[in-house]
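Chains as they are written, first to last, in this note's numbering: chain A, 1 to 242; chain B, 243 to 945.
Source of the hints: derived by calculation from the structure; they are not laboratory data. Watch out, some of these pointers could steer you wrong.
[Stated by the list, open to error] Taking lysine to any residue and the SDA-like style, the derived pairs with C-alpha atoms no more than 20 Å apart in a straight line are:
(1) B:K334 <-> B:P696
(2) B:K373 <-> B:P486
(3) B:K460 <-> A:G194
(4) B:K525 <-> A:I65
(5) B:K465 <-> A:S195
(6) B:K525 <-> B:P486
(7) B:K460 <-> A:S92
(8) B:K505 <-> A:P68
(9) B:K373 <-> A:E181
(10) B:K460 <-> A:I65
(11) B:K465 <-> A:A69
(12) B:K468 <-> A:G119
(13) B:K460 <-> A:C192
(14) B:K525 <-> A:G119
(15) B:K543 <-> A:A69
(16) B:K468 <-> A:E200
(17) B:K525 <-> A:H208
(18) B:K373 <-> A:I65
(19) B:K525 <-> A:K153
(20) B:K632 <-> B:V595
(21) B:K869 <-> B:N940
(22) B:K460 <-> A:N85
(23) B:K525 <-> A:E182
(24) A:K153 <-> A:E181
(25) B:K460 <-> A:E181
(26) B:K814 <-> B:A760
(27) B:K814 <-> B:Y493
(28) B:K525 <-> A:A69
(29) B:K465 <-> A:E200
(30) B:K460 <-> A:E182
(31) B:K543 <-> A:P68
(32) B:K543 <-> A:G119
(33) B:K505 <-> A:A69
(34) B:K881 <-> B:K869
(35) B:K460 <-> A:A183
(36) B:K525 <-> A:F179
[As the list claims (entries may be wrong)] Chain A regions said to be covered by chain B (calculated; three or more residues, Cβ under 8 Å):
(37) 73-79
(38) 93-104
(39) 200-209
Built from N, CA and C at the ideal position, the CB exists for glycine as well.
One letter stands for each residue in the lines below.
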Amino acid sequence: MEREGDSRRISETLRQAGLESAVSRRGFLQITTGTLAGLAAMRALAAAGEPAPLIIMAEATGMIIADPARCVGCQRCELACTEFNDGRSQPSMARIKVSRNLNYGPGGALAMSGQGLWGNSLVIQDTCKQCAHPVPCATTCPQDAIVVDRKTKARVVDAGKCVGCRLCQKACPWDMMSFDEEAEKATKCFLCNGSPKCVESCPADALHFVPWRNVAATAPRRTAPFAVIPAAKAATCITCHQ
Amino acid sequence: MASKLGGWAGEVLRVDLSTGRITRENTFERYGDVLGGTGIGYKVLWDEVPAGTDAFDPANKLIFGVGVLAGTGVPCNGRTAITTIFPTVWPKHLVGSGHMGGQFAARLKYAGFDAIIVEGQADHPVWLHVKDGTAVLRDARSLWGQGIRQATLGITQEIGEDSAVAAIGQAGENRVPMAVVMNSLSHSAGGVGGVMGAKNLKAIAVQGRGAVRIAGDKGEWEKLVKLHLTLLGANNQHVVPSFPTPQSEYYNPSSRWIGAPGKRWGAAPQGVALGSDIHSLNKIAYRTNNAVYFLGDSVWKYTVRGNGCSGCPIRCHTILKVPSVAAKYGINEVGQNTCAGLMFGRQFFKELVGVKNNDAAIEAAMIGMHLADDLGVWCNYMQVQRDFIKLYYNGTIKAKLGADEYKSIAWDKYEKGDPSFLFDLLPRIAHKRGELGTALGLGTGAHLQRWGIPETDWTDDHSTYYWKMGHPKHHANEDDGQCGVIINTQYNRDAQCHSHCNFVRSGLPIEVQKKIVAGLWGSPDGVDAIGDYRPMNVYKARRAKWSVIRKELHDSMSICNWMGPWIASPLKERGYGGDDTIESKYYSLAVGRQTSREELDRIGERIFTLHRALTIRDMNEVDMRGKHDTVPGWVYKDKKDLPAFSKGTIRMDRDDIAKGMDLFYAEMKWDQKTGAPTAKAYEDLGLKQVAQELRKKNLVGKA
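Start from the sequences and build out the full structure, keeping to the hints where you can.
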């Protein structure tokens, strides 16, 4: 049970750690001395010059959702993504992913799920969920290179910090991370500063940019993720989660 | 393996099936002057395949060529041209190309190549696996004998879903001239399947993680693509809707823009209502429904969605779900194709030809797609169906088949229009079964010859739509008077040119068309209303030249000539005009080299002239005018004997057409007498060596 005096001190500590949103929406968390110790550890780290690990708490304000019933498999969304953002057409790097599901559905040719052009013609478009906390790709990143976009709160790769280790690619349960082989950096859907180019380019009204909601809980996983969380970051989980 | 070039992937793959040797060439160094697609095809045939080579001879080559825009976000890219010595050209095999859409072109570029040259002949069935800059030949003995679908599935299961597979079916394996190569389930290239089969090549699979680089400023590129999207109409660049609407000043009932508000993709999950803003760039894919256009309004309820080539918003293929065919015939209830592919099955039955909203017709269409797109049987732009009907009902089939074979065929089913008849007929063609199967698979020219039927029986009969050299008309005077006739004289198979008819069938009133034509070619007289033709003039000749040159340009850049060029648009604020420079603008930005419309058209002219040179050389004939550029007799007739140049007839006049050819040859700077390019015409286009070789054989036009 938290006591009033504690809650003010806790709020202040959390605010300093950039974690104030953890209590702003869902009411007070159960805070114990262990938590306070964890917070103290973080402040000690900060005092020693180590930056506090980035834990994304903010939720994205928007997301792209896709209607498979309307998708006509043209792949203009993938093409717009890399062509307009990167100056080259490279579906293997597209941050919305359609061509991998085009012919046989998300399971591929060995699953015979009955979807895709060769089945019932349904094309499932894979979009980044802009995950809520814990953000798998961001949490895994040892460089804290996946950050929150100021405007859209999209989870974006800061190319300046990314070292190309690819751990984020392994962490995403939906295999949505892309990798720019030329720059040797990860890249992902960043919602194009609030005007997603894929949505703009869809000729079948199959993509929409809508207010964010948490779809991660219900979206079927595409892959078994392998998330390696850096030890320093993992230690801070105890801050809020007892 | 990112390419440093803009547009081009950078390399051409060369596969010698006889030796198994695989090599590569630098695209730009070797083929930059002919761009890609058919350009590379014609150049390889000129340089490497001797005149007189038979289509199925190992010395023939098969060139899968794409263009600088393939794999990009340019609307209406995605075409692969397959150029070869074409097996249905009659009486002598000559240069021709088949074209296929789907995913192949884009994925070939991502695999790192602009073209694949297939040479020689393997000593056992093989398939070619191209991936990320490398290529290997694989044993295809376990795939041989299978249909296109099973072969494609088997390969894909092995190499992954990011691949595109171009495969032949049993028809191609059996060297049936009327055979296709198919990729992405419904996208076929006509006539070239047998050449692939003769080489023992079952399939080519392409995949890769590469990129197509845009050399120019990406912001400019994005602006250009978005401009282009505003200029798009529906399929075949029909720019006004087929239905009256306050959203459009004009409408035209024969337009392919049929996606009216209120229509639904009835077989989509929960149904998809098309919505109300017909010009929305987010609803371009709703404008076209070719299944409904050809099979009738009742097909909306069977429509799942549109489909088509990678990158194209038009979706000229329609995916249909017709549960009754699964129940009745045990075939997949889902089928898909466009135009002739959609109608393939229906067109065999006399009482079902062109029939809409008819269950038997729809079922026949579904069965046709199911069979033909797996066996890999071609229709030659529906010529084989017309031949079949004529030969059955005039008693020829009965006369030519032995009594036993004739009795073995369920003709009662055929006469009743029972679609199940196709289950017997189409495999006969694919497997050369009996006299009927063998003859139908030859192509019209060789078929008529085999049965001792004079070609004039076809050229005098309008109902055959036959033009020359074994192939039918393909948008001739029924669409575009003299311009259409001239275009149809220029090729060895059917012309496959849509530059002209996209425009005249765009749905715009003739006054608007005339204004656009005046702006481009100097006079409103360059176009007439359909079926209300006026005598020939130089402006029509210019438009005919533009039509064929742009077609070759498109076929060399991977632009779809069934949509481009874009000289008309739905935009009232532009006077319904489009942008005739859009191809050159794309080329300039993609490649990174400023190239004007005129400069690019010059390259198109070079490519088209190379096709001419090949034809002349391989026919060993300089008199193109007399021996090649011919017009069938039915063009000069009218059922009601209405005179030429009166309203209500498409009848042409011989002297007027002769004048038309004069004017066209003059525009091309070819010899008036023979229609053969002069030495200067070749040299002005950078084809000096071509001129020299032809001069040695006295095959150059006189200045």
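To see whether the hints hold, each was checked on the structure:
| no. | hint | result |
| --- | --- | --- |
| 1 | B:K334 <-> B:P696 | holds, 16 Å |
| 2 | B:K373 <-> B:P486 | violated, 50 Å |
| 3 | B:K460 <-> A:G194 | holds, 19 Å |
| 4 | B:K525 <-> A:I65 | holds, 17 Å |
| 5 | B:K465 <-> A:S195 | holds, 15 Å |
| 6 | B:K525 <-> B:P486 | holds, 18 Å |
| 7 | B:K460 <-> A:S92 | holds, 19 Å |
| 8 | B:K505 <-> A:P68 | holds, 19 Å |
| 9 | B:K373 <-> A:E181 | holds, 16 Å |
| 10 | B:K460 <-> A:I65 | violated, 26 Å |
| 11 | B:K465 <-> A:A69 | violated, 29 Å |
| 12 | B:K468 <-> A:G119 | violated, 33 Å |
| 13 | B:K460 <-> A:C192 | holds, 15 Å |
| 14 | B:K525 <-> A:G119 | violated, 24 Å |
| 15 | B:K543 <-> A:A69 | holds, 15 Å |
| 16 | B:K468 <-> A:E200 | holds, 10 Å |
| 17 | B:K525 <-> A:H208 | holds, 13 Å |
| 18 | B:K373 <-> A:I65 | violated, 32 Å |
| 19 | B:K525 <-> A:K153 | violated, 29 Å |
| 20 | B:K632 <-> B:V595 | holds, 13 Å |
| 21 | B:K869 <-> B:N940 | holds, 16 Å |
| 22 | B:K460 <-> A:N85 | holds, 8 Å |
| 23 | B:K525 <-> A:E182 | violated, 35 Å |
| 24 | A:K153 <-> A:E181 | violated, 26 Å |
| 25 | B:K460 <-> A:E181 | holds, 19 Å |
| 26 | B:K814 <-> B:A760 | holds, 17 Å |
| 27 | B:K814 <-> B:Y493 | holds, 13 Å |
| 28 | B:K525 <-> A:A69 | holds, 14 Å |
| 29 | B:K465 <-> A:E200 | holds, 13 Å |
| 30 | B:K460 <-> A:E182 | holds, 17 Å |
| 31 | B:K543 <-> A:P68 | holds, 18 Å |
| 32 | B:K543 <-> A:G119 | holds, 19 Å |
| 33 | B:K505 <-> A:A69 | holds, 15 Å |
| 34 | B:K881 <-> B:K869 | violated, 27 Å |
| 35 | B:K460 <-> A:A183 | holds, 17 Å |
| 36 | B:K525 <-> A:F179 | violated, 31 Å |
| 37 | 73-79 | holds (count 5) |
| 38 | 93-104 | holds (count 7) |
| 39 | 200-209 | holds (count 6) |
Hints 2, 10, 11, 12, 14, 18, 19, 23, 24, 34, 36, counting from the list given before, are not met by this structure.
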